[in-house]
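Q: Produce the entire structure from the sequences given, and follow the hints as far as they go.
Here the sequence shown stands for residues 1 to 167, where the numbers follow my numbering.
Be a bit skeptical, because a hint or two may be false.
As the list claims (entries may be wrong) - Cut-off 30 Å, straight-line C-alpha distance, at most; resulting in silico cross-link-like pairs (DSS-like, lysine-lysine):
| no. | residue 1 | residue 2 |
| --- | --- | --- |
| 1 | K61 | K120 |
| 2 | K38 | K48 |
| 3 | K61 | K48 |
| 4 | K101 | K61 |
| 5 | K167 | K156 |
| 6 | K61 | K13 |
| 7 | K37 | K2 |
| 8 | K167 | K101 |
| 9 | K120 | K137 |
Source of the hints: derived by calculation from the structure; they are not laboratory data.
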Amino acid sequence: MKEFYEFALWQNKDHIASIGCGYGWWEVSLCLHYPAKKMAFVDPLVDKEDIAESIDYFTEKTGLEWQTEVELNPETLQNKDQIWIFNAWHEFENRTEMLGKIYKALNDGGIVIMEEEVSKVERLQHDDCGKDLFFEKEIIEEYKQAGLHHVATEVKDDVAIYLKFRK
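A: Structure (structure tokens):
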């Protein structure tokens with residue numbers, strides 16, 4: 001968690017969205033320890049009760065107080081300082097359309113932080129969903145085509161990396 005925060009470096013005044021967040025366990029845990037002003041949880045399969053349960057679980061487990069304003073599945077994303085994508089890029093059907101929405105949602109200078117399992121030598125498939133995993137260079141090229149500039153890559157573990165892009 002600390003490694004992700006040091007890579008993303010958001011501030012407590014930042015407005016963040018997480019796309020494909022599921023129950024928001026990563027996001028809740030991160031914002032509990034390093035609060036943001038607002039977190040938009042974006043996942044059509046998740047409802048307010050799911051996010052509330054995640055917040056309750058982590059606040060009870062840590063004893064920390066939740067300070068981040070919650071927004072769930074906003075009609076449109078806009079004025080975001082950061083957008084997070086945790087292990088979901090390979091699942092999006094229309095990544096070009098998604099990148100257009102991401103670009104429009106970011107403030108000037110805003111960043112995208114992605115945690116993604118990647119192929120390294122040969123094309124691999126995701127263990128859970130079976131979809132193809134991208135090579136790092138493929139992801140960087142997609143973002144470049146959308147007008148987002150690759151800032152940094154950091155190895156997370158044997159299978160995943162963090163990528164940072166700036167508008």
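Q: All the hints need checking, so say for each whether the structure fits it.
A: For each hint, the structure was consulted:
Of the pairs offered as hints, the one joining K61 and K120 is violated, with about 37 Å between alpha carbons and a cut-off of 30 Å exceeded. Using a Cα cut-off of 30 Å, the hinted pair K38 and K48 holds, with the two alpha carbons roughly 15 Å apart. Distance check on the hinted pair: K61 and K48 sit about 20 Å apart at the alpha-carbon level, within 30 Å; holds. Between K101 and K61 the CA atoms are separated by roughly 35 Å; this puts the pair beyond 30 Å, and the hint is violated.
Our distance criterion of 30 Å between C-alpha atoms is met by K167 and K156, whose separation comes to about 23 Å. At most 30 Å may separate the alpha-carbon atoms for a hinted pair to count; K61 and K13 meet this at roughly 25 Å. Distance hint between K37 and K2 is fulfilled; the C-alpha atoms sit about 19 Å from each other, no more than 30 Å. With a C-alpha separation of about 12 Å, the suggested pair K167 and K101 falls inside the 30 Å cut-off, and the hint holds.
At roughly 10 Å between alpha-carbon atoms, K120 and K137 fall within 30 Å of each other, so this suggested pair holds.
Violated hints, in rising order: 1, 4; the structure is consistent with all others.
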